[in-house]
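Could you put together the complete structure from these sequences and hints?
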Amino acid sequence: GGIITQTPKFLIGQEGQKLTLKCQQNFNHDTMYWYRQDSGKGLRLIYYSITENDLQKGDLSEGYDASREKKSSFSLTVTSAQKNEMAVFLCASRDRGSAETLYFGSGTRLTVL
Amino acid sequence: QQQVRQSPQSLTVWEGGTTVLTCSYEDSTFNYFPWYQQFPGEGPALLISILSVSDKKEDGRFTTFFNKREKKLSLHIIDSQPGDSATYFCAASVAGGSAKLIFGEGTKLTVSS
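As given, the protein sequences belong to chains A and B, one line each in that order.
Each step along the first sequence adds one to the number in the numbering used here, with nothing skipped, and position 62 is 62.
Each step along the second sequence adds one to the number in the numbering used here, with nothing skipped, and position 67 is 1067.
These aren't lab readings, by the way, just hints derived from the structure by calculation.
These figures come from a predicted structure and were not determined experimentally.
Using N, Cα and C, we set each Cβ at its ideal position, and we do this for glycine too.
One or more hints might be untrue.
[As the list claims (entries may be wrong)] With beta-carbon atoms standing in for the labels, derived distance ranges:
(1) A/T101 x B/Q1081: 42 to 52 Å
(2) A/G13 x B/A1045: 23 to 33 Å
(3) A/I3 x B/S1112: 17 to 27 Å
(4) B/G1017 x A/E52: 46 to 56 Å
(5) A/Q17 x B/D1079: 22 to 32 Å
(6) A/E69 x B/G1016: 26 to 36 Å
(7) A/T111 x B/S1085: 45 to 55 Å
(8) A/L113 x B/S1112: 18 to 28 Å
[Claimed, not checked] List of simulated lysine to any residue pairs, SDA-like, C-alpha gap at most 25 Å:
(9) A/K71 x A/Q82
(10) A/K41 x B/Q1003
(11) B/K1072 x A/D38
(12) B/K1072 x B/I1050
(13) A/K70 x A/K41
(14) B/K1071 x A/E100
So, in structure tokens, the structure goes:
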């Protein structure tokens, strides 16, 4: 088994601030994802990475940057925090092989003051 | 644009009753349809999944049905239990394809005893 660790669990920032969320996985999975969860809107894909140093934009990438420095870690940066993007950010990973299952972390809750 | 639509947004059923959640999708290339279950404070976890070559998959009290012609799927939970109270997401992707998994808006289920 493995685990996905997201840090911090709670992140409070000021409007306009640059904020970074981190994700580590020990599954040795190739593909990693960042999703944003808003109540009533489900999970929306921000960025994903098929392998180390790869980055693919999702439907919600504007206002965010991502970085996949090594296989086990994937970070997400909110370039200029806005009050309307208070949400839970979920990191997930998946094996590139035939298994399609995504494994999720427990999330980072972002509050913008 | 929401490629996967889910209903209802919330649902309350009595303990022992049958829960039915539904989803529809637009992209006819989607062929893999998982359902994820999320408890408060946790990330979603895979509950059950179906490929488009099948029309039904069962796992204990949980059954998912797939209708390719209508581009619809459903999740049935028989003998619903208070421990089933959670948010349920349907999702869709192309198996073995771009690795992009698109989620519905979610249904918050409450099972009352």
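**Request:** Go through the numbered hints given earlier and state which of them the structure violates, listing their numbers in rising order.
**Result:** Those not satisfied are hints 1, 3, 5, 6, 7, 8, 9, 13.
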